[in-house]
Every structure is written in C-alpha cells, then in structure tokens.
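J.: Residues per chain are reported as follows:
2 protein chains.
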Amino acid sequence: MIFGALEAGGTKMVCALGREDGTILEQVSIPTTTPKETIPLVVKYFRGKEIGALGIGSFGPVDVNQSSDTYGHILDTPKTAWKYFDLVGSIQKELSIPIGLDTDVNGSCLGEMTFGNSKGLDSVIYITIGTGVGVGASINGKLLHGMLHPEAGHILLKKHPKDTFDGNCPYHGTCLEGMASGPAIEKRWGKKAVELKDNDIVWEIEAYYIAQALMNYILTLAPRRIILGGGVMHQMQLFPLIRKEVERLLNGYLNTKEIKDMDHYIIPASLNDNQGIMGCIQLAKIALDEVK
Amino acid sequence: MIFGALEAGGTKMVCALGREDGTILEQVSIPTTTPKETIPLVVKYFRGKEIGALGIGSFGPVDVNQSSDTYGHILDTPKTAWKYFDLVGSIQKELSIPIGLDTDVNGSCLGEMTFGNSKGLDSVIYITIGTGVGVGASINGKLLHGMLHPEAGHILLKKHPKDTFDGNCPYHGTCLEGMASGPAIEKRWGKKAVELKDNDIVWEIEAYYIAQALMNYILTLAPRRIILGGGVMHQMQLFPLIRKEVERLLNGYLNTKEIKDMDHYIIPASLNDNQGIMGCIQLAKIALDEVK
Ligand SMILES: Nc1ncnc2c1ncn2[C@@H]1O[C@H](COP(=O)(O)OP(=O)(O)O)[C@@H](O)[C@H]1O
Ligand SMILES: Nc1ncnc2c1ncn2[C@@H]1O[C@H](COP(=O)(O)OP(=O)(O)O)[C@@H](O)[C@H]1O
Ligand SMILES: [Zn+2]
Ligand SMILES: [Zn+2]
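Note that the protein sequences, when read in sequence, are chains S and H.
Heads up, the first sequence is in our numbering, so the first residue is 1 and it goes up one at a time.
Heads up, the second sequence is in our numbering, so the first residue is 1 and it goes up one at a time.
No wet-lab data here; the hints were simulated from the structure.
Certain hints may be false.
Which copy is meant is left open, so a pair is good if it fits within one copy or across any two.
Said to hold, decoys possible - In silico BS3-like links for lysine-lysine, alpha-carbon gap of 25 Å or less:
1. 191 x 158
2. 83 x 257
3. 93 x 79
4. 79 x 44
5. 79 x 257
6. 260 x 83
7. 162 x 187
8. 79 x 260
9. 119 x 142
10. 36 x 79
11. 142 x 257
Looking at chain S on its own, in the form it has when it is part of the complex (with noise of 0.2 Å):
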C-alpha cells in the first residue's frame, strides 16, 4: 500500500508518497500561493498515483476537530488567501480517499513516535523553532487537540537581561516565537543565524528562551521526552546551553528519572527533517484504519 504525505506549508507544500514502515519514495515541492492555484497543482500530484489515504500536516491555526462543522478548514490567519479555505474538503472532493489531518508540529511529533527517537513513548513533545515556533504534543498516547490545537510558540517569557531586542511576534512582542525563532535571530543580530555559529551570547540568549519554554511545558505537560527541531537546532551547541538552563531554572523542583537523565530527555529530530512527512504517512496510515 501506498500512502500520499502532504506537508502543507506557508512557504511551500511538500507532497511525497511513502510506505507505511516510513520509506519516502519521491518527495516534490510546490510553492504556496493562493488556494486557487496550488490546491488544483497538489490535487494533480497525488491524482493516478493509487494512493490509499492522505495524510496532511498542516499550518495553523486549522480545525482539527472531527466533529466540528468547519473540520479541515484552515481558520483566522494572516496569510489572508487562506483564511477560512476548506483545506480536506477541497483535496477530498478531488480524490475521494480517506484523509487524515492534524497540524504539521503534531505530525512531526508523530513522525518521532512513529519511525524515530520516541517509538514506545506515550507522552511526548516536538517544538520546531524555524520561521516560526511551533509546539506539538502527545498526551496519554493521543496528539493533543481540544478548544484548538497547541499554539505555544507563542507563550511568554521574561527578557534575558542582556536582550534589547522588543521582539518580533505581530501580536505578542516578546513572546517565545517573537524571540527566539530564526527571524527573530536575524532581526536581532543583523545576520541570518547560520553565519552567527561562532557568536557566543546569540546562543546564550537563544538557549535562555528556549530553555524557560520548555521549563514551562514541563511544568504543564509533563511530556516524557522532548525532541527540538527545525532549522534553528541545526545549531548543535544549543542543546548543551539548554539542558544546563533547564536544570537551572528547576531547581532541583521536579525529580524523575527523566530530568536526572538530561542528555536523553531533550533532544534533537532523529529523521532528517523528514519527521513531518513521515508523521504525515502515518496519519495517512491511521485515517485509513478508522473507515476499515
């Protein structure tokens, strides 16, 4: 059987057809315009290609509840061409296959329980910090969804006393994706990340944001694991940053055999930057399940 995996992205739409153990077969990208004109391009992709289900990750904020009348549909976004477009129902009417929809940070998080790092696990969090910052998580077993989906790239945070920078998040300043995502970086410092590597206090700071994020999901999800990824964490010397600041910012509070054990319990992606497209084959995989 042969799954279609749609990355839905702000930038670009990412389509693949893929196996259900994880194997990517072919993998092309389409750029993200306007409904009108990249939903008939993705439509054509998948079309002929026997594909048994679809699973799609996608930008937020989406419907992700089941049971909600606007199910599928992307909802109140700045990226005006899509607000309130019919996002499953558009593909769906298209190719008539099961489709299996979440965000595409719990799909990473599902690509990392699945295929990767956190196989056997039922509590777990993916943050990317890219573009933007995006926060997915499961709990009891079952990716989060309730009123919405988990926004918090967005929570806020304290000011690192040697940061001048007011943040860049249109609506909240200096909330965590205001501060620490790669933009943030660059508006910041004057220089896209990747050419600060050398830079000490950029990491500095970068990991006392993260690091207070993640001391506050702990505190709140108490996730087993938590895996960082997106183009940031290319930045391997965060991690060490970071797992020292959390250990700071606790205190000694919370005593488990997963905070003594650090190195393993903050961690990078293991897939490649595949993590999202492989979790969006395994929604494929369980969309297909549910209607057998």
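Using the hints provided, position chain H with the ligands relative to the given structure of chain S.
T.: Relative to chain S, chain H with the ligands alone:
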C-alpha cells in the same frame, strides 16, 4: 453503593462518604502529621463503612502512573515525613478495596467535569489559587498524566512593573505560586488576602500574574474551559480583571468561539469548595468500574 473519598492535603486529610451522584453523606477532617499517626486514623474512619471503593486526591508530587513500581507513593516532597511514603499501598493493605488515585487538582477538575460546571467537555483545566497554586487538566477526556502530572503552579512569569516583591517559592522565587498564592499576597502586602479586599492595586497585580499563566496554559493545553478555585479566588472581583488581561495578552491571536465568550471561558469553581472531595467520589467509582 457508598464510596469513600479522601482528599489528602498537606495540613489535613478530608475523609468523606458519598454516593455515585456526588452527594456527600458525611465528612470529617483529620490533621496531617506523620504517616504513622495519620494513616491509622484515616483507615479507622473508613473501616466498617462498607464502601465499595475509595478515591484519593493527593498532594503532590505523587506517582499516579499505574504501571510504575512506585505507583501510589508520594515522591520527593518537602514534607519529609511523607517522602516516598506508599499512600495507596498502606491504605489498601488495611481496607482491601479498589482505590483510585490522582492529584488533588486533577481530582477537582474531574469533580467539576462530572458534577459541576464542565459536564460533557473533553478538555478542561482547573486551577487552585490557595496556600499553593496547583493545576489539574483533562485532555482528550483523560486526566493529564505523563512523566508525572501537571506541576504548572510553578511556571515562570514576567514581573509586574509596579511589583517589588521577590516571590516566595523556595525553588523558583518568582514563579506563579511564588507571586500569586495566598501566602505570597500576605508576604507582599503584610496583611492576609481577605483583608486587602478594597485595595485595587493588590488585585490588579494578582490578576496580571494569573492572566499571564492562563495565557500560557491556553496556548499549551488548548482547554475548552478554565475553572479557577481555591481560597484566593473567593475574591470575585478578580474574574473580570483576569478575563480582561487575558484578552489583552492574547491580542486577538486566538479567535475561537470559546475565547470570544470570555465570561463563560474563565469561570469560578461551581461546587462550593466540594469539587475536590466530589472528584474523589468519582475516582472511587472509576476504580470500581475498572476492576469489574
Ligand atoms: N543551519 C542553521 N543554523 C541556524 N539557523 C538556521 C539554519 N538553517 C536554517 N536556519 C534558520 O531557520 C529558519 C528556517 O527554518 P526551517 O525549519 O528550515 O523552515 P520553516 O520553519 O520555514 O519550515 C530561518 O530563519 C533560517 O535562518
Ligand atoms: N476569602 C478569601 N479571600 C482571599 N484569600 C483567601 C480567602 N480565603 C482564603 N484565602 C487565602 O487562601 C489561602 C488558603 O487557600 P485554600 O484554598 O483555602 O486552602 P489550601 O490551598 O491550603 O487547600 C490562604 O493563603 C488564605 O489567605
Ligand atoms: Zn506571539
Ligand atoms: Zn515555584
């Protein structure tokens, strides 16, 4: 069928008998001293009462993971006499009935979801602001467990610009509990919270911290409803202040129908401070159903 309910707190053990519909038939309070003194009194109370099961809502941290070796034990707590004490085991040995266990705040959350203001919702959080600050949560219809249970009373916050208090959490200083618990209010202002009723700045600062925490919980847990209980929340003037501050902080970011109806989104506990003990009745019922 009569159920036993035990709210195990740091200063007192509330023992009660109740019916499946949440009716409390009788209730006594036993001071919490040492396990050696306190547990026999608790056992003595329930013995011979012909209860079908017992539900315990305990102070934390406590091991609520049923597949763990130390399930039912108190974990690393500053109350040294109780550190690593086998709470469930020591009672079960004497009473030989099914015992359900969760944290006191998860218990309160369950109480409100079963008998109170949040019936039928799958995703609810309950926060108590009292001697400490505790958070219980139900996600996808199940009480939140993972590595541990939520300890979200200790999340980190930005300081109010007019606040010179350094916080009184021995672990984190200015975490939510350190800034907003009853004792924090008393230490900051030199008077008990209840005596400060007419002092506006007290409640402005209090609402500022609570709202910041709620903003982070909303973005992380995506609850469909937020219930605020505990002694401090008897100051009902806090509710409009908190709602307004949450709206200011979110700044239009989440546009759900729940958020648009703020007066029904952030609400007081509804069970006359019996949400905890009524939740224990439900924990007992669930424990009995599980062995059936
Ligand atoms: N190796 C790297 N080191 C530091 N930052 C990087 C690196 N690669 C990409 N970035 C930053 O990450 C952001 C892009 O994130 P990425 O996860 O690749 O994509 P997106 O979030 O758009 O899906 C950009 O701001 C970029 O500057
Ligand atoms: N009506 C009230 N107004 C303001 N604060 C109160 C009120 N009643 C109790 N408190 C404060 O709440 C704290 C006790 O919280 P409570 O929820 O009653 O118990 P606990 O948290 O110990 O279970 C104390 O610090 C007390 O000062
Ligand atoms: Zn933001
Ligand atoms: Zn604290």
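J.: Evaluate each hint against the coordinates.
T.: Hint check results:
Taking the closest pair of Cα atoms, residue 191 and residue 158 come within 25 Å of each other only inside a single copy of the chain (24 Å); across copies the shortest separation is 28 Å, beyond that limit. In this assembly of identical chains, the alpha carbons of residue 83 and residue 257 lie at most 25 Å apart only when taken from different copies (16 Å versus 44 Å within one copy). Only within a single protomer do residue 93 and residue 79 lie at most 25 Å apart by alpha-carbon distance; the minimum there is 23 Å, versus 61 Å between protomers. For a Cα distance limit of 25 Å, the shortest separation of residue 79 from residue 44 inside one copy, 23 Å, qualifies, whereas the shortest one across copies, 64 Å, does not.
Proximity of residue 79 to residue 257 under the C-alpha cut-off of 25 Å is restricted to the inter-copy arrangement: shortest distance 20 Å between copies versus 43 Å within a copy. For a Cα distance limit of 25 Å, the shortest separation of residue 260 from residue 83 across copies, 18 Å, qualifies, whereas the shortest one inside one copy, 44 Å, does not. For the homomeric pair residue 162 and residue 187, the shortest alpha-carbon distance inside one copy (16 Å) is at most 25 Å, but the shortest distance between copies (30 Å) is not. In this assembly of identical chains, residue 79 and residue 260 lie within 25 Å of each other by CA distance solely across copies; the values are 21 Å between and 43 Å within a copy.
With identical chains, the CA atoms of residue 119 and residue 142 are at most 25 Å apart both within one copy (13 Å) and between copies (21 Å). Only within a single protomer do residue 36 and residue 79 lie at most 25 Å apart by alpha-carbon distance; the minimum there is 14 Å, versus 63 Å between protomers. In this assembly of identical chains, residue 142 and residue 257 lie within 25 Å of each other by CA distance both inside one copy and across copies; the values are 23 Å within and 24 Å between.
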